[in-house]
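**Student:** Take a look at the letters that make up each chain.
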Amino acid sequence: MTDVQVPLTSRKDWQSDQEVRWCPGCGDYSILTAVQLLMPDLGVNRENTVFVSGIGCAARFPYYMNTYGMHSIHGRAPAIATGLAVARPDLDVWVVGGDGDLLSIGGNHLIHALRRNVNLTILMFNNQIYGLTKGQFSPTSALGKVTKSSPMGSLDAPFNPLAVALGAGATFVARTHDMDRPHMQEMMRRAHAHKGAAFVEIFQNCNVFNDGQFETLTTRANRDDMLIPLEHGQPVRFGKEKEKGVIISSDGAAHIVNVADVGEDAILIHDEARPEPGLAFMLAHLASSVNEPTPVGVFRAVETTEYADANAKQLAAAQERSGAGDLSALLHSLPTWEV
Amino acid sequence: MTDVQARPGTSGDAEQVDHVVIRFAGDSGDGMQLTGERFTTASAVFGNDLATLPDFPAEIRAPTGTIFGVSAFQVQIADHDITNPGDAPSVLVCMNPAALASELHRLEPGGTVIVNSDEFDERNLTKAGYTENPLENDSLAGYKVILVPMTSLTKESVKESGVKPRDAERSKNFFALGLVTWMYTRPLDATLTWIKERFGKNEMVMNANIMAFKAGHAYGETTELAGNRYSIKPAPQTAGVYTSINGNTALAWGLVAAGQLAKLPVFLGSYPITPASDILHELSKHKSFGIRTLQAEDEIAGIGTALGAAFGGQLAVTTTSGPGVALKSETMSLAISLELPLVIVDIQRGGPSTGLPTKTEAADLMMAMYGRHGEAPLPIVASFSPSQCFDAAIEACRIALKYRTPVILLSDGYLANGSEPWLIPDVSTLPDISTTFATEPNHVNETTGEPEHWPYVRDPETLARSWALPGTPGLMHRIGGIEKEDGSGNISYTPENHSHMVDTRAAKVAGIAKDIPEVAVTGDAADADLLVLGWGSTWGAIVTAVDRQRAKGRKVAQAHLTHLNPFPANLGEVLRRYPKVLVPEMNTGHLAKLVRAEFLVDARTVSKVRGVPFTAAEVEAAIEAELERKL
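So the sequences go chain by chain: A and B.
Using our numbering, read the first sequence as starting at 66 and increasing by one per residue.
Using our numbering, read the second sequence as starting at 39 and increasing by one per residue.
Because the hints were derived from the structure by calculation, they are not lab data.
Note that the structure is predicted; figures quoted are calculated from it, not measured.
Note that CB positions come from ideal geometry on N, CA and C, so glycine has one too.
Do not rely on the hints blindly, as some may be mistaken.
[Claimed, not checked] Partial list, computed: chain A residues near chain B (C-beta under 8 Å):
{"hint": "1", "residue": "Ala144"}
{"hint": "2", "residue": "Leu156"}
{"hint": "3", "residue": "Ser169"}
{"hint": "4", "residue": "Ile170"}
{"hint": "5", "residue": "Asn173"}
{"hint": "6", "residue": "Lys378"}
{"hint": "7", "residue": "Gln379"}
{"hint": "8", "residue": "Gly390"}
{"hint": "9", "residue": "Thr401"}
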């Protein structure tokens, strides 16, 4: 095997010559910066990297990366990326989309990409609103949300994106937010390294149609008390003094407690590698709104068969068994007669 | 009613006939499709020309004995070149009363009906809607009736095999096959070999089927169904090796061949749908060719995964039927905008909506032409016979790759399931359809002075864009569904550019006319009073009808289109050459509307939307009527 040399690159090498056209102050800028700064550290070639997106504000992302890219159809990015990743397992395929793109019109493709465990790194920018169509409620908007299309409040119960991903059998599920670049990059790095479908929810501020939606969680002043960092093998604790924690009580549910009340030993130890998704599912449901302490980090990371790999093995096994395909032999494979 | 039951002791030689049309009909569970296919294969191997028409219900297993559960298989075998499964059958095999009730009207006057008399009990008669037993009154007068107690004879004959009495009668289709094999002097070997291969894993069932088949044959032989044995000589055919093939298999093999000829791996993204699923099944067997098949979560993902694979440089295909084409429409428009090669196979069936899923129709032509948003032209190729689906598939792939465009390949349920003998081509004679990928930058960035790749730089001859694959160093680029500037591919919303791109995409497709054969005119090309213009599976019936009309002294010419967008370059001139143009179509007049709009000719439609193909007689009647119409 030849040693593939990956040339050293900088952020500039990963930037395309296209002018970025998001609204000034959009959270997408900080995500783009995080990705462009991270790429030189991932040990990958630009030419082997492909960003595939659907439609929406987030979906403009590929135009700004100096890689291969496709800006496709609303909702269809996971399907298109699946075809590319299966056909070309040598490529590094990323999917970028918003909550409307990936959970509403594209919800079906997302869950099937996840359950197939195709090698994709999926970044879902969740701003809980439709931005490009100018401010309708999205599938992650809270019940009662007042928007242009719901003047008396939305009647739609929202999706919990991580619970959807876990329910679909996703093998890697993480959450981060656009105000913390190092954390975002760590989640992206982990997602990229994962062999299989990796789903990362990024809380992203839409400063035009849903400004400050995540402020209760993400401002520096609120973070310690409102974000619960998940670290593999560590007790699930948060607060300025790590005075709060999560326990699984005898009713089978996760609860937030004062560590002093229950003792350190009672605090849940996070295990992202548990084969069954129950614990991750419980943590995904710990907060029911942005007003409650919300876990961030890697919820689940388990290694299992990757689709394109399994597909390639079937092809190799078929060739092993019957040799490389012989067209003439195929055309003579049904009963024949000679005239 | 002529009772020609067993007359022991008499003997008679087989009478020679030039063709026969046999229709096997029974309950969905009676194995009629299998019986028909085996009879077809035996006849093909014997050297007859043939054409088949499977006709089965949409229900997987309809309630036993009902009319809507009747499954039929029609085959014409001949000692000469034929192109269709025949109009009215001359022999009808009926396994139960429902089959008789449902199919008798098709039988030609004086035709032979072979009846499994065991099944004509009160219960089955009631289910079939009979108040009286048709075998016991004069309702079969005018037909030659052969009553054979097939169920009981089958049970008796398979006793030795050890199958349970309940299962024994399941071999009765092989009894029927054996009987018809005797009647038409077919060789037994091909069928026996097949039974052994197919049922070899279950010796008891294999033996039962062999016993039933031999018993059916012996029944003909020993009871001497005098005056009921025929032979049909092999048809004179071009020398070579033949196989009997249906349209879906031929189409799937065409895709395999296209991958080899293009030197590209084939990728099929597909969602199961009748009558296209067999292509997915067939291609998924051929992984040794490096073919990837992905059974997607829906029709949209079927074409979506294929488009992703196309972006990655594979020969990408999606297969479906009409409802699936509707769902794929948005992605086809994206593929047109991205200018990536992609083949969309539409095995048409009766519509709208679920329509007649197992019956044939060709009413998707307008959808193929115009069924997308925006100005979204794409090339359309249509196959015209089961075996020709092989060539049509290669042609669709050739155009897609050469012009970087999605191509729709139209077939239909009749071609998909119908079989005919096929002279297997020498693979070395198949066309090279390989394409080239960009390997070097084709532009220098005006600002940075760095070399770069512009994805929409075009070949001046074909207008095909430069195709650089992910993984190629230095050629990174982004493409998308937003209108882009010609050349650079950068987003552009300028009026001039959009107008230019609409025109360019249209000119690219129109230009393919220079790269396809002119339409050939057969028959009375020089002085016909009428041209019959066709496309798709109507070909077989039209050829026969035109031949018969010419034999009757009428001046008729024929032209058949394999390319529907763009049309062959000479089509307008050909249409204007004749005083009358008649277009038989399995729709309400799609092609006729297109040629009227395009060429301002008074093309007339003869339409059939009954779920079954035209018979030659119907086309003949339409030709006669049109010839008599006063101008």
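**Student:** If a hint holds in the structure, say so; if it does not, say that too.
**Tutor:** Going through the hints against the structure:
The interface hint given for Ala144 (chain A) holds, since its Cβ lies 3 Å from the closest Cβ of chain B, which is under the 8 Å cut-off. Annotation: Leu156 (chain A) was flagged as interfacial toward chain B, and the flag holds, the nearest CB pair being 5 Å apart, inside 8 Å. The beta carbon of Ser169 (chain A) is not positioned within 8 Å of any beta carbon in chain B (closest approach about 14 Å), and the interface hint is therefore violated. Hint status for Ile170 (chain A) relative to chain B: violated, with the closest Cβ pair at about 10 Å, above 8 Å.
The beta carbon of Asn173 (chain A) comes within 6 Å of a beta carbon in chain B, closer than 8 Å, and the hint placing it at the interface holds. Taken as an interface hint, Lys378 (chain A) does not check out: its beta carbon lies about 10 Å from the nearest beta carbon of chain B, beyond 8 Å. For Gln379 (chain A), the interface hint holds, since its Cβ comes within 8 Å of a Cβ in chain B; the closest pair sits about 6 Å apart. Interface hint status for Gly390 (chain A): upheld, as the beta-carbon distance to the closest one in chain B is roughly 3 Å, under 8 Å.
Annotation: Thr401 (chain A) was flagged as interfacial toward chain B, and the flag holds, the nearest CB pair being 5 Å apart, inside 8 Å.
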